[in-house]
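Undergrad: Assemble the whole structure, with the sequences as input and the hints as a guide.
First residue of the sequence shown? That's 410 in the working numbering, and the numbers climb one at a time after it.
Relax, there's no trap hidden among the hints.
The following label-pair restraints were derived from C-beta to C-beta distances:
(1) F577 with P462: 23 to 29 Å
(2) L489 with D574: 30 to 36 Å
(3) S450 with I594: 39 to 45 Å
(4) L489 with G560: 41 to 47 Å
(5) L489 with A436: 31 to 37 Å
(6) S450 with G548: 18 to 24 Å
What the hints contain is simulated information worked out from the structure, not anything from laboratory work.
Given the structure is predicted, the values throughout are model-derived calculations rather than measurements.
Think of the CB as a built atom: it goes at the ideal place given N, C-alpha and C, for glycine as much as any other residue.
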Amino acid sequence: MKWWFKARRGHQLLPLALIVFGAALYAVQGTTVLLPSLTGSPKVALSLFVPVPLLAFLMAVLESRLPAAEVSGDRSMTRLDNLLVTAVVAAAVLCSALVAAAEGTSAATTGGRNAVFLTGLMLLGRAWAGQSAVMIPVGWLVTVVVVGFRGNVPHLWTVIALPADNAFAATASLVVFAVGLAAQIRSSRKTA
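TA: Following this line, the structure appears as structure tokens:
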């Protein structure tokens, strides 16, 4: 398991990913910007974009592999990959809770929830598109900005733009994440 984690470069990339995530979430908390869209110019929280670097680091870790060693090994690397993804996402949720506690507002918790949802989307895409699936969450973000608002009110389907206390967004994030993990198990990216 030690060589697997080192081959994935997890010891180098994941701490850096979580530091970038936490610092960015702390820096942009409560900041909104007017962005052009098809439905006007909604005020969009900059914290929506904070999970993107975390996803890029996570994809780099997942795609750093030793194919020959993994194919010939006894252990399921997909299971280890899923444990790694779950641990990183749990750490992101914890980071967002810590930022929320430091700021004294619950708005920062959306960063963790959004990381869960966008990671699930990325894993779903990785099942059929490989490493380029890191762009699927970016596409979702662009779609949300362009057509996801009615005035300044986000549509329900956007999930990531919904308030921190929205139960539907929390449930949808967990469901998409679970389906993403299942997709990763069913379509292992092993190469011979």
